[in-house]
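There are 2 protein chains.
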Amino acid sequence: MAAKKSTAGAKSDKDKKTLTKIERLASAALKTVNGGGNPALEIRARTLSNVSFNEKKRIIELGDKTQSREFFNIAMARKFMQTFLIASKCKELIQGQKTISIRQMYYVSKHTLPGSTENTFEDQNESDPIIEDLEVGIDALREELHLFANKRGLVVGPLVVNDAGDEIDLARMGRGGWGIPSICEEDNLKFVRHKAEFVLSVEKQAVWHRLVEDRFWDKYKCILMTTEGQSARGARRFLQRVATELKLPVYVLVDNDPWGLYIYSVLKQGSINLAYESMRMAVPHVRFLGMSAFDYKKFDLKPNATIKLTKEDIARAEQMKAYPWFKEKKWQREIQAIVDNGFKMEVDALLTKNISFITEQYIPKKLRDKDFLQ
Amino acid sequence: MAAKKSTAGAKSDKDKKTLTKIERLASAALKTVNGGGNPALEIRARTLSNVSFNEKKRIIELGDKTQSREFFNIAMARKFMQTFLIASKCKELIQGQKTISIRQMYYVSKHTLPGSTENTFEDQNESDPIIEDLEVGIDALREELHLFANKRGLVVGPLVVNDAGDEIDLARMGRGGWGIPSICEEDNLKFVRHKAEFVLSVEKQAVWHRLVEDRFWDKYKCILMTTEGQSARGARRFLQRVATELKLPVYVLVDNDPWGLYIYSVLKQGSINLAYESMRMAVPHVRFLGMSAFDYKKFDLKPNATIKLTKEDIARAEQMKAYPWFKEKKWQREIQAIVDNGFKMEVDALLTKNISFITEQYIPKKLRDKDFLQ
Numbered sequence: 001m002a003a004k005k006s007t008a009g010a011k012s013d014k015d016k017k018t019l020t021k022i023e024r025l026a027s028a029a030l031k032t033v034n035g036g037g038n039p040a041l042e043i044r045a046r047t048l049s050n051v052s053f054n055e056k057k058r059i060i061e062l063g064d065k066t067q068s069r070e071f072f073n074i075a076m077a078r079k080f081m082q083t084f085l086i087a088s089k090c091k092e093l094i095q096g097q098k099t100i101s102i103r104q105m106y107y108v109s110k111h112t113l114p115g116s117t118e119n120t121f122e123d124q125n126e127s128d129p130i131i132e133d134l135e136v137g138i139d140a141l142r143e144e145l146h147l148f149a150n151k152r153g154l155v156v157g158p159l160v161v162n163d164a165g166d167e168i169d170l171a172r173m174g175r176g177g178w179g180i181p182s183i184c185e186e187d188n189l190k191f192v193r194h195k196a197e198f199v200l201s202v203e204k205q206a207v208w209h210r211l212v213e214d215r216f217w218d219k220y221k222c223i224l225m226t227t228e229g230q231s232a233r234g235a236r237r238f239l240q241r242v243a244t245e246l247k248l249p250v251y252v253l254v255d256n257d258p259w260g261l262y263i264y265s266v267l268k269q270g271s272i273n274l275a276y277e278s279m280r281m282a283v284p285h286v287r288f289l290g291m292s293a294f295d296y297k298k299f300d301l302k303p304n305a306t307i308k309l310t311k312e313d314i315a316r317a318e319q320m321k322a323y324p325w326f327k328e329k330k331w332q333r334e335i336q337a338i339v340d341n342g343f344k345m346e347v348d349a350l351l352t353k354n355i356s357f358i359t360e361q362y363i364p365k366k367l368r369d370k371d372f373l374q
Numbered sequence: 001m002a003a004k005k006s007t008a009g010a011k012s013d014k015d016k017k018t019l020t021k022i023e024r025l026a027s028a029a030l031k032t033v034n035g036g037g038n039p040a041l042e043i044r045a046r047t048l049s050n051v052s053f054n055e056k057k058r059i060i061e062l063g064d065k066t067q068s069r070e071f072f073n074i075a076m077a078r079k080f081m082q083t084f085l086i087a088s089k090c091k092e093l094i095q096g097q098k099t100i101s102i103r104q105m106y107y108v109s110k111h112t113l114p115g116s117t118e119n120t121f122e123d124q125n126e127s128d129p130i131i132e133d134l135e136v137g138i139d140a141l142r143e144e145l146h147l148f149a150n151k152r153g154l155v156v157g158p159l160v161v162n163d164a165g166d167e168i169d170l171a172r173m174g175r176g177g178w179g180i181p182s183i184c185e186e187d188n189l190k191f192v193r194h195k196a197e198f199v200l201s202v203e204k205q206a207v208w209h210r211l212v213e214d215r216f217w218d219k220y221k222c223i224l225m226t227t228e229g230q231s232a233r234g235a236r237r238f239l240q241r242v243a244t245e246l247k248l249p250v251y252v253l254v255d256n257d258p259w260g261l262y263i264y265s266v267l268k269q270g271s272i273n274l275a276y277e278s279m280r281m282a283v284p285h286v287r288f289l290g291m292s293a294f295d296y297k298k299f300d301l302k303p304n305a306t307i308k309l310t311k312e313d314i315a316r317a318e319q320m321k322a323y324p325w326f327k328e329k330k331w332q333r334e335i336q337a338i339v340d341n342g343f344k345m346e347v348d349a350l351l352t353k354n355i356s357f358i359t360e361q362y363i364p365k366k367l368r369d370k371d372f373l374q
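Respectively, the protein sequence lines represent chains X and E. Using our numbering, you'd call the opening residue of the first sequence number 1 and step up by one each time. Using our numbering, you'd call the opening residue of the second sequence number 1 and step up by one each time.
Derived by calculation from the structure, the hints in this document are not laboratory data.
In this list, chains with the same sequence are indistinguishable; a pair is considered to hold if it fits within one copy or across any two.
Straight-line Cα separation of at most 25 Å, DSS-like style, residue types lysine-lysine; simulated pairs:
1) Lys57 - Lys321
2) Lys311 - Lys329
3) Lys11 - Lys219
Only chain X is shown next, with the shape it has when bound in the complex:
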């Protein structure tokens, strides 16, 4: 009976699919129990040894090695219970057409087990990995389970979106920009129409602000977003959908240091931690527009644009060189150049030339010369 009712609250096909996945998980366990067996979950291992870089697809992927989680096993019983608890709460969320944060999920699932002093969860460090297990276990993104991480990121540009029923013209956002939602799935967010020729994603909010004030996006017809540092899931998914559905090239502008390169790298092929989601988050064709270590000479910058590398910077640069996705010569050269320079540069430092140098000269020249890495 439950199987028939489970998709009742779902409005979209995607929600129905996710509910069916949760349902299947539960009914399989139930069947084993009814047959007198030991119910178990098979979950793909989220370990470093099960993560690899797919050279063909150019994304970081999770392998097929699985870990079994059995109910009748003292070491696994707690996690087994927790997984079903989270799954059942996600089912409620989908049926109620509501979404909550992963912190809120911790509160919603936390209670003392009747007749004991045992809590279902002690703190959020215990519930977060279970959410990831469930995502991998039933192959549903957290967002499809109606859960979100904190959102971060702003966007403007010649693009009209429909979000939760509101038509929003991103070309008329003033200086504030639209906050990129934490959940950017097709159910809620649709692209209505656009006149964009490319997407530019900048790391720093203040750089984005500079470009907004100079109306760079208007002149160059681009969707201009900032991830405000390392990109949140919502921003990654938004970028992926814009890039693929609107078939637009994407340029990324980050600080010239290993951390900036890593921000680019996560947008491009995903991260080791979230390898199981690369398919839905990564954008393999994003282009690294800058800042490049070679920009110092190319744009005649001065020492006031530089910051001395720290030991940590150098160590991180060496790590970056060892990543398989940076093994090509062009990338090795780029990363080595940071080390050879002995300094890093923030995009903000382009203002040492003049305040609108970045808008009027730096980016236009880079685009014109096709001076980017990919």
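Position chain E relative to chain X; hints supplied.
This is chain E only, laid out in the frame that chain X set:
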């Protein structure tokens, strides 16, 4: 001649006023130099001993004690030079109708003095205080000097604004919200029309999201904003302008811990660090809607909604009790109740009741019962 041309680029009266202030600063110094004297700046001291709580206005204020900064004084010459350097860059910004971040100002002002190895600024820790000096020295907000700090905060609600020429309906923002700009002065941001009956400012983004998804702002006709933690200057100024210009009551919803109370307190009477700006930032009539330590019993919450107080929490609560603006009995009782409870509560914890408890019961009951502190 310079005096006549200095307001040339300014478009608004405010910009003209700020340029005149910078001009006056420079011409006074020049006059002293031409007369053979030692030019000096008189700047109100930004020290704890010069900060006090104005009981009547209910804001934290900077006193009249000043510090002199002389050019012919080895200990002061560097800062004297830096102050004029920053002032001159601000003048350029206003004339060019551009704004930059305080980090970008550091880059813009940093260079090696000709004929020496001396840099004008070594790092941003040196330029930031000079910006504050200039603000106090000529009585102009940082935003009036065309400088901004990173922005943070989102808003939705039955309010139409005009920002930088774009008319933006904050009732049609989907789930994303409008990013509150870092500079919310009258020149750029205007309130066009509204149907709001009050403003609700919540600390946490995830709580704001919950209320947005439940369309709380629509049902209760409120401007719903989140400061995303401690409020940025833009969000404070936005709130102050909304509260005073639209004459709306403001309710604040923060976590029930000393840090939440402090976030409320900064919105209300300003902070010690930025005492010289309270007049332009503080909103003395904001009401503390919750969470109150007494909500635990009032709303029949369970232990799963609580987090044990740490030593730091208790120490911070004692500090809060000592602040003159919390000396009234009602506040002493509220703060003491946290300590007596022995636990703190996050607003998220209201979800332990049910997912929309906060929207459908907690806030409506609080408003109905006028259950708030002020």
